[in-house]
Amino acid sequence: MALRAAFRSRGGLSGLLSQWSSCSSNVRTCVSPVLLPQQRNHSTSPKIRVEFDQSTGVAVLHMQSPPVNSLSLEFLTELCISVEKLEMDKSCRGLIITSGQPKVFSAGLDIMEMYGKSPEHCGAFWRAVQEMWLKLYSSNMVTIAAINGSSPAGGCLMAMTCDHRIMADNPRYSIGLNETQLGIVAPFWFMDTMTNTVGQRTTEMALQLGLLYNPAEALKIGLVDQLVPEDQVLTAATQTISKWLAIPDHARQITKSMMRKQTIDKLRSNRESDIQYFVNFITKDSIQKSLGGYMEMLKKRRA
Amino acid sequence: MALRAAFRSRGGLSGLLSQWSSCSSNVRTCVSPVLLPQQRNHSTSPKIRVEFDQSTGVAVLHMQSPPVNSLSLEFLTELCISVEKLEMDKSCRGLIITSGQPKVFSAGLDIMEMYGKSPEHCGAFWRAVQEMWLKLYSSNMVTIAAINGSSPAGGCLMAMTCDHRIMADNPRYSIGLNETQLGIVAPFWFMDTMTNTVGQRTTEMALQLGLLYNPAEALKIGLVDQLVPEDQVLTAATQTISKWLAIPDHARQITKSMMRKQTIDKLRSNRESDIQYFVNFITKDSIQKSLGGYMEMLKKRRA
Amino acid sequence: MALRAAFRSRGGLSGLLSQWSSCSSNVRTCVSPVLLPQQRNHSTSPKIRVEFDQSTGVAVLHMQSPPVNSLSLEFLTELCISVEKLEMDKSCRGLIITSGQPKVFSAGLDIMEMYGKSPEHCGAFWRAVQEMWLKLYSSNMVTIAAINGSSPAGGCLMAMTCDHRIMADNPRYSIGLNETQLGIVAPFWFMDTMTNTVGQRTTEMALQLGLLYNPAEALKIGLVDQLVPEDQVLTAATQTISKWLAIPDHARQITKSMMRKQTIDKLRSNRESDIQYFVNFITKDSIQKSLGGYMEMLKKRRA
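Chains as they are written, first to last, in my numbering: chain A, 186 to 488; chain B, 186 to 488; chain C, 186 to 488.
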């Protein structure tokens with residue numbers, strides 16, 4: 186509850202982190218895995234496992250929230266804290282994000298956080314989604330998405346925040362912003378991020394139709410940058426990040442920041458109205474009904 | 186009459202339509218074709234034939250203004266009224282625009298409306314061109330251009346307003362904004378529409394050179410989305426639109442509107458100055474001479 | 186010195202040209218090469234040789250500043266004067282820019298103008314870089330880059346200002362904005378120019394990594410428009426420019442100006458702050474050290 190309350194406050198994660206450090210020992214068990222030499226552990230929770238290799242300056246963040254890394258309020262909060270900690274660690278220059286769950290990178294926003302919940306809860310949830318995007322899209326670290334499974338909706342958004350995307354070449358996996366298929370709408374900063382990645386026309390079509398692309402299609406339109414066999418995703422990410430780290434940090438960071446500034450500023454200066462818009466939209470009866478129908482359909486599919 | 190009044194209320198076609206409504210009853214016969222079961226007829230004039238299939242919610246608008254569907258003031262007015270009627274009909278969810286004339290989709294703006302005409306006439310004409318673009322580019326319906334012939338200049342603009350473009354795979358057909366070849370200039374919203382479709386660089390080159398692309402080239406640069414044999418254009422459009430209609434209307438419409446808002450607002454807030462600019466430009470002696478030369482050339486080519 | 190002083194003044198080249206014409210006879214020997222029939226000579230200096238063919242209206246500007254056409258303050262000043270003279274000559278409608286030096290189009294900004302120099306000097310230098318870009322990117326002439334050698338950094342920028350880019354198909358040549366590799370940052374108008382040419386995503390990756398592309402790669406991403414054998418670059422440029430000159434000048438110029446206006450206005454209204462930013466950045470100890478290291482590396486490579 187403390188975490189959620191912090192999200193509601195104006196200061197985003199700065200306030201959150203201080204609260205977190207003062208109470209975390211009470212609410213969580215700190216995982217202490219056996220560390221390899223030269224590795225420190227930044228893990229804050231069993232749902233996020235971070236391996237940091239001091240010799241390369243690269244951290245690998247494994248998402249391991251069963252079954253499909255849904256982006257719940259709690260998971261997003263932990264994710265933001267992990268990223269913030271790495272960001273503040275001067276020795277960490279690169280971040281690889283990957284999944285510890287089979288067949289899925291992340292299934293996207295957790296519908297349970299938007300279905301039958303109070304406006305306050307929906308608002309706190311949306312603030313956490315914004316925070317995740319802001320943290321990752323504006324990161325000073327080199328960020329690589331090692332997409333070792335399907336990555337719809339919010340999972341696709343997370344991948345698009347990274348500097349480079351490597352996907353497992355498995356035709357059963359898919360990636361895309363498929364919100365309209367659920368009867369909901371990707372907000373303007375999802376749109377802007379996708380437009381920055383694949384251009385206006387492809388985005389217009391992809392978002393209107395809620396398209397999910399298989400890896401070959403995603404590569405063709407530039408939604409991912411590289412395909413590799415499934416068991417080589419992490420290796421490829423490690424090789425690629427070393428090329429990015431060969432560039433002087435300062436020059437690379439300013440360049441990245443200049444290229445993304447306009448898009449980031451747009452959300453920063455419209456953050457509260459974006460939350461209000463989301464809450465008004467998602468709590469509508471028609472949208473709630475639509476979400477209910479979608480979950481019913483998912484249940485039947487599983488059964 | 187109610188429809189016409191509605192046009193007047195919004196500002197848009199006001200002056201233009203009032204002229205039209207005061208004389209149209211004298212000059213036109215309303216066509217009453219035999220309707221197939223489940224089809225209603227929205228036709229307002231022999232120059233536009235609309236077939237509406239209530240079972241699918243899809244209307245097909247056939248342009249049949251001989252010889253080449255030139256966008257005259259009269260034709261544009263009828264086109265806007267037809268589209269507006271469909272837009273207001275809740276049961277109509279999709280619109281396919283195609284040509285009833287052989288070998289041409291639309292030859293674009295009717296030069297006769299700009300040559301040797303009064304500034305007032307040119308202004309009224311330009312307002313109708315704007316209105317056509319605004320109506321189609323901001324339509325809540327799924328719009329598909331079934332391009333069954335050549336589509337230069339204004340014809341290309343009309344096609345680009347649609348959500349999806351299917352073109353007949355006949356190498357003798359061409360499509361593009363070729364205004365500079367006539368010594369005139371595509372205005373900023375033509376440019377913006379093309380930039381949204383094929384990107385900045387391709388647009389810069391296409392517009393400076395007034396390029397017309399054959400179907401294969403148009404597909405390559407993304408000016409059209411799909412090529413099919415000439416006799417299958419309408420069938421393909423019908424198949425494609427059913428995929429678009431599988432998406433919940435509300436989510437699709439908001440998405441489309443968000444993606445196009447900035448471009449549409451730009452014309453909306455500069456409409457009068459854009460008309461003034463066009464009128465000043467087109468009534469210049471040098472431009473009139475250029476148009477005269479172009480028409481002379483066309484005449485000789487036909488002879 | 187008079188030339189450099191002029192760059193420091195607010196009025197850019199307008200003041201400069203008048204000063205230049207009043208003193209040029211004192212400071213320079215006018216080259217008088219044997220002219221072919223129908224050719225006039227616009228050369229202002231041995232570092233720039235301009236051939237103008239009155240029968241076609243096309244000027245060819247040969248950069249011949251040994252060894253690698255580095256863009257020094259002096260060279261940029263001469264380049265701007267040459268371009269300005271051609272711009273003001275009504276009979277000159279097209280400009281081909283090429284290199285008279287072997288294996289290189291232009292090696293980009295002259296590091297000597299930024300290393301160990303006073304803030305005043307760095308500011309004057311940067312104003313000249315801006316002026317070169319403004320002159321070329323807003324030129325009313327058709328401009329073609331005949332890229333007959335490598336073209337990194339400022340050389341790539343110069344090529345990107347042109348309407349069309351033809352490159353020698355020699356895999357040992359490369360082109361790109363590789364500033365980050367030197368620890369420096371391409372300013373916003375370099376970014377904007379590249380984004381206008383190859384799109385947001387490719388630019389983001391190219392600039393962060395400081396990528397240099399070989400001709401085949403450059404063609405693929407759209408950084409150049411055409412590859413030809415090395416000995417045919419100038420011939421191809423002459424053929425291509427004739428197609429561009431077939432379009433009525435007035436319509437083509439307005440179109441070009443409309444497409445580039447926003448990007449040009451952005452630098453025009455931020456010119457002084459951009460200079461200030463550059464001077465502050467480049468005179469930092471860390472950046473000076475970085476440049477020193479780079480030059481040391483170049484020296485060793487040559488030895």
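These are calculated hints, taken from the structure and not from any lab test. Honestly, I wouldn't trust all of these hints.
Same chains, same names: a pair is fine if it fits in one copy or spans any two.
Said to hold, decoys possible - Listed below are the simulated EDC-like cross-link pairs for lysine to aspartate or glutamate, each with C-alpha atoms no more than 16 Å apart in a straight line:
(1) Lys-446 - Asp-274
(2) Lys-474 - Asp-434
(3) Lys-451 - Asp-377
(4) Lys-302 - Glu-269
(5) Lys-288 - Asp-354
(6) Lys-275 - Glu-259
(7) Lys-446 - Asp-377
These are the hints, each one checked on the structure:
1. Within a single copy, Lys-446 and Asp-274 get their C-alpha atoms no closer than 23 Å, and across copies no closer than 41 Å, so neither meets the 16 Å cut-off.
2. In this assembly of identical chains, the alpha carbons of Lys-474 and Asp-434 lie at most 16 Å apart only when taken from different copies (15 Å versus 49 Å within one copy).
3. With identical chains, the CA atoms of Lys-451 and Asp-377 are at most 16 Å apart within one copy only, with a shortest distance of 10 Å there and 18 Å across copies.
4. For the homomeric pair Lys-302 and Glu-269, neither the shortest alpha-carbon distance inside one copy (28 Å) nor that between copies (40 Å) is at most 16 Å.
5. Taking identical chains as interchangeable, the C-alpha atoms of Lys-288 and Asp-354 lie at most 16 Å apart only when both belong to the same chain, with a minimum of 12 Å there against 40 Å between chains.
6. Taking the shortest Cα distances, Lys-275 and Glu-259 never come within 16 Å of each other, neither inside one copy (26 Å) nor across copies (42 Å).
7. Taking the shortest Cα distances, Lys-446 and Asp-377 sit within 16 Å of each other both inside one copy (12 Å) and across copies (13 Å).
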